[in-house]
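**Student:** Letter by letter, the chains look like this.
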Amino acid sequence: MNTRREQLKSGIKDGIPICLGYFAVSFTFGIMAINYGLSPWQSIAISLTSLTSAGQFAGLGIITAGAPFAEMAIAQLVINLRYSLMSCSLSQKLDKTTPFYHRLLIGYGITDEIFGVSVCKPGPLNPWYCYGLFLLAVPGWTLGTAAGAFLGQLLPERALSALGVALYGMFLAIIIPPAKKDRILAGVTVVSMIFSLLFFLIPALNGVSSGLRLIILTVLIAGAAAVLFPVPDTMEVSHE
Amino acid sequence: MNNRIYLYILVMAAVTYFIRVLPLTLIRQEIKTPFIRSFLYYVPYVTLSVMTFPAILSATKSIWSGAAALMVAAILAYKEKSLFQVSIAACMVVFVMEFFL
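Residue numbers (numbering that gives the first Met the number 0), protein chains in the order written: chain Z, 0 to 239; chain H, 0 to 100.
Heads up, a few of these hints could be off.
Claimed, not checked - Here are the computed distance ranges between Cβ atoms for each label pair:
hint	chain 1	residue 1	chain 2	residue 2	range
1	H	30	Z	155	47 to 55 Å
2	Z	157	H	31	50 to 58 Å
3	Z	211	H	66	22 to 30 Å
4	Z	231	H	81	26 to 34 Å
5	H	31	Z	156	50 to 58 Å
6	H	66	Z	63	47 to 55 Å
7	Z	96	H	3	25 to 33 Å
8	Z	219	H	32	36 to 44 Å
9	Z	208	H	31	46 to 54 Å
10	H	28	Z	56	20 to 28 Å
11	H	33	Z	35	42 to 50 Å
12	Z	215	H	24	22 to 30 Å
13	Z	123	H	3	39 to 47 Å
Stated by the list, open to error - Below are the DSS-like pairs computed for lysine-lysine, each with C-alpha atoms no more than 25 Å apart in a straight line:
hint	chain 1	residue 1	chain 2	residue 2
14	Z	180	H	80
15	Z	180	H	60
16	Z	179	H	80
17	H	60	Z	179
18	H	80	Z	8
19	Z	8	H	31
20	Z	180	Z	95
21	H	31	Z	95
22	H	31	Z	12
To be verified - Listed next, the stretches of chain H that the computed footprint assigns to chain Z, with coverage defined by at least 3 CB atoms under 8 Å from CB atoms of chain Z:
hint	segment
23	12 to 21
24	42 to 52
25	57 to 71
Keep in mind the hints are simulated off the structure, nothing from the lab. For clarity, every value in this text was computed on a predicted model and none was experimentally measured. Every residue, glycine too, gets a C-beta built ideally from N, C-alpha and C.
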């Protein structure tokens, strides 16, 4: 009971930067949704049920185009396929005996940020830690959307601009400490950033959607690293 | 049209949920294959690196405030400050710098 509480509290604490970053990003989503002709409640419903950034932004265009439902399904599948990679990774991080309903609930909240924080937390993953993260991340995302939809341009642009880096700061705080202690991880990090930059700079690759780019680079770089530097059997895959 | 919008929202949510929940519910055993174990070990570092850079440079109004946030966050992360501290410091840097840009 006590550990549940501690895990929940620890999740809530780590959820603060996620909440801030989400608020900023979803605020712009709320503004955009209104510009696309959706009602505030519809934009809030999207954020609460999808809880994903790139997929939702792409979804707006598909809705207003009146495209076939299959197109919506395929677009979401491609853009969000990265979540299944993350979900595979998390499946190894959960205790084998974790009940089915916990898996169903955790599945709802696998986002880039929640995954990043959860998978890098030492030891097996406790579902209550995830729920702590959800308790801040989901309201951050949904209320940010609501604020953007209802209040539009009220929040000064300067504040939004500053909040825009919250998530990236958090990512760096996750990847740099382990990379400092392990040269292979440091190399993987640097190579990943260089290739990500190349995708951005090379015109032919520039048009690749961010979700697809993430899948391609993850499969290639993590695949190459796994071939070149296999993790010893004794080492925990769960990032301890 | 309104009902149609809610149907779109339903399709979005359903597809996204299944992508997320299927591996988590289907893979109940520890994966033994060394290659897949190693692959999954590297996945978060690659995804987080790719998502951070160069995106952080275009997240703010000016590329310079984004670059400054990157520098400060990297230094504080290297000093192993908490997620919250690194994140807030990056926001502060942007906020202060954009007074001068």
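**Student:** Each hint: holds or not?
**Tutor:** Now for the hints, and whether the structure bears them out:
As the Cβ distance of residue 30 of chain H to residue 155 of chain Z is approximately 48 Å, the hint placing it in 47 to 55 Å holds. The hinted window of 50 to 58 Å between residue 157 of chain Z and residue 31 of chain H holds, with their beta carbons roughly 52 Å apart. Distance hint for residue 211 of chain Z and residue 66 of chain H: a CB-CB separation of about 26 Å, consistent with the stated range 22 to 30 Å. Separated by about 29 Å at the C-beta atoms, residue 231 of chain Z and residue 81 of chain H satisfy the suggested range of 26 to 34 Å.
Taken as a hint, the range 50 to 58 Å holds for the pair residue 31 of chain H and residue 156 of chain Z, whose Cβ atoms sit roughly 52 Å apart. Between residue 66 of chain H and residue 63 of chain Z the Cβ separation comes to about 35 Å, which falls outside the hinted range of 47 to 55 Å. Look at residue 96 of chain Z against residue 3 of chain H: about 44 Å separates their beta carbons, and that is not inside 25 to 33 Å. For the pair residue 219 of chain Z and residue 32 of chain H, the supplied restraint of 36 to 44 Å is violated, since their beta-carbon distance comes to about 19 Å.
Evaluation of the 46 to 54 Å hint for residue 208 of chain Z and residue 31 of chain H yields a failure: the beta carbon distance comes to about 34 Å. The hinted range of 20 to 28 Å is not satisfied by residue 28 of chain H and residue 56 of chain Z, whose Cβ atoms lie roughly 37 Å apart. One distance hint, 42 to 50 Å for the beta-carbon pair residue 33 of chain H and residue 35 of chain Z, holds here, with the actual separation near 48 Å. In this structure, residue 215 of chain Z and residue 24 of chain H meet the distance hint of 22 to 30 Å, their C-beta atoms being roughly 26 Å apart.
At about 44 Å, the beta-carbon gap between residue 123 of chain Z and residue 3 of chain H stays in the expected band of 39 to 47 Å. For the hint pairing residue 180 of chain Z with residue 80 of chain H, the CA-to-CA distance comes to about 15 Å; that is within 25 Å, so the pair holds. Straight-line distance between C-alpha atoms of residue 180 of chain Z and residue 60 of chain H comes to about 34 Å, which puts the hinted pair past the 25 Å bound. The hinted pair formed by residue 179 of chain Z and residue 80 of chain H meets the criterion: a straight-line CA distance of about 13 Å does not exceed 25 Å.
A threshold of 25 Å between alpha carbons decides the hint, and for residue 60 of chain H with residue 179 of chain Z the separation of about 31 Å lies outside it, so the pair is violated. Between residue 80 of chain H and residue 8 of chain Z, the direct Cα distance comes to roughly 19 Å. Compliance with the 25 Å bound is thereby established for this hinted pair. For the proposed pair residue 8 of chain Z and residue 31 of chain H, the alpha carbon gap of about 33 Å is over 25 Å, so the pair is violated. At most 25 Å may separate the alpha-carbon atoms for a hinted pair to count; residue 180 of chain Z and residue 95 of chain Z exceed this at roughly 29 Å.
For the given pair, residue 31 of chain H sits about 14 Å from residue 95 of chain Z by alpha-carbon distance, which is consistent with the 25 Å threshold. Only pairs whose Cα atoms come within 25 Å are accepted, and residue 31 of chain H paired with residue 12 of chain Z is rejected, the gap being roughly 34 Å. Look at the segment 12 to 21 of chain H against chain Z: 8 of its residues bring a Cβ nearer than 8 Å to a Cβ of that chain, three or more, so the hint holds. Counting residues of the segment 42 to 52 of chain H whose CB falls under 8 Å from any CB of chain Z gives 11; the rule of at least 3 is met.
With 7 residues having a beta carbon nearer than 8 Å to a beta carbon of chain Z, the segment 57 to 71 of chain H meets the requirement of three or more and the stated coverage holds.
Of the numbered hints given earlier, the model fails hints 6, 7, 8, 9, 10, 15, 17, 19, 20 and 22; all others are met.
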